[in-house]
Amino acid sequence: MSESTSVPPILNKTMKFVLRSPLHGMVSSYLTLITFTGRKSGKRYTTPVSYCQKEDQVLIFTHANWWKNLRGGAPVQLRLRGKDHQGIAEPVAEDKNAIAVELAAHLMQSPFDAKFYNVTFDEQGNPLQAEVEQAVQTVAMIRVQLN
Numbered sequence: 000m001s002e003s004t005s006v007p008p009i010l011n012k013t014m015k016f017v018l019r020s021p022l023h024g025m026v027s028s029y030l031t032l033i034t035f036t037g038r039k040s041g042k043r044y045t046t047p048v049s050y051c052q053k054e055d056q057v058l059i060f061t062h063a064n065w066w067k068n069l070r071g072g073a074p075v076q077l078r079l080r081g082k083d084h085q086g087i088a089e090p091v092a093e094d095k096n097a098i099a100v101e102l103a104a105h106l107m108q109s110p111f112d113a114k115f116y117n118v119t120f121d122e123q124g125n126p127l128q129a130e131v132e133q134a135v136q137t138v139a140m141i142r143v144q145l146n
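Read in order, the letters of the sequence shown are residues 0 to 146 in numbering that gives the first Met the number 0.
Hints in this document: simulated from the structure, not taken from any laboratory. Cβ coordinates follow ideal geometry from the N, Cα and C atoms, glycine included. Heads up, a few of these hints could be off.
Each computed DSSO-like pair below joins lysine-lysine, with the alpha-carbon atoms no more than 27 angstroms apart [to be verified]:
(1) Lys-114 - Lys-53
(2) Lys-12 - Lys-82
(3) Lys-12 - Lys-39
(4) Lys-67 - Lys-42
(5) Lys-67 - Lys-39
(6) Lys-95 - Lys-12
(7) Lys-67 - Lys-12
(8) Lys-15 - Lys-39
(9) Lys-42 - Lys-15
(10) Lys-42 - Lys-82
(11) Lys-42 - Lys-12
(12) Lys-82 - Lys-53
(13) Lys-53 - Lys-15
(14) Lys-67 - Lys-114
(15) Lys-95 - Lys-53
(16) Lys-114 - Lys-12
(17) Lys-53 - Lys-39
(18) Lys-53 - Lys-67
(19) Lys-82 - Lys-15
(20) Lys-95 - Lys-114
(21) Lys-42 - Lys-114
(22) Lys-67 - Lys-95
Here are the simulated distance ranges between beta carbons [said to hold, decoys possible]:
(23) Glu-89 - Leu-22: 14 to 22 angstroms
(24) Leu-145 - Gly-71: 14 to 22 angstroms
(25) Glu-93 - Gln-123: 27 to 35 angstroms
(26) Lys-82 - Ala-104: 18 to 26 angstroms
(27) Gln-123 - Thr-36: 40 to 48 angstroms
(28) Asn-11 - Gln-136: 33 to 41 angstroms
(29) Asn-117 - Glu-89: 20 to 28 angstroms
(30) Gln-128 - Ala-63: 31 to 39 angstroms
(31) Arg-80 - Ile-9: 20 to 28 angstroms
(32) Arg-43 - Arg-80: 16 to 24 angstroms
(33) Ala-129 - Arg-80: 31 to 39 angstroms
(34) Gln-85 - Lys-42: 12 to 20 angstroms
(35) Pro-21 - Asp-55: 20 to 28 angstroms
Starting from the given sequences, assemble the full structure and let the hints guide the process.
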């Protein structure tokens, strides 16, 4: 999930619980938990996010600023479909064209995420390109290479 539309803390807390439980199958095909360490605080953070996976690479999109902790590549843990995986996360924030291509593909697979980016679809079911291009102005993409 992205934070474009504010996600209530209770929903994040609920999703963390569900994704760690035997009930994860209800949502784990499109939601994962990402755990990372804060650069300044050294504190571990875990947040639920929507994702798409292409073999051993996972893409995550967010409006929130937590991605800045991952600059330069950072170790992360993902809870994917009930199992923990280690990986290296590399944020992409400046290449808006690359983000737009991947976000449009993500929305085709997960159309329910479109509301978080204020993106609608045309008659053929494709995300409207102008809306995707507008959305990526405030979106970062995180590429996680799984170990």
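For this session: Starting from the hint list further up, note which numbers the structure goes against and sort them upward.
Result: Of the numbered hints, 6, 17, 21, 23, 28 and 30 do not hold.
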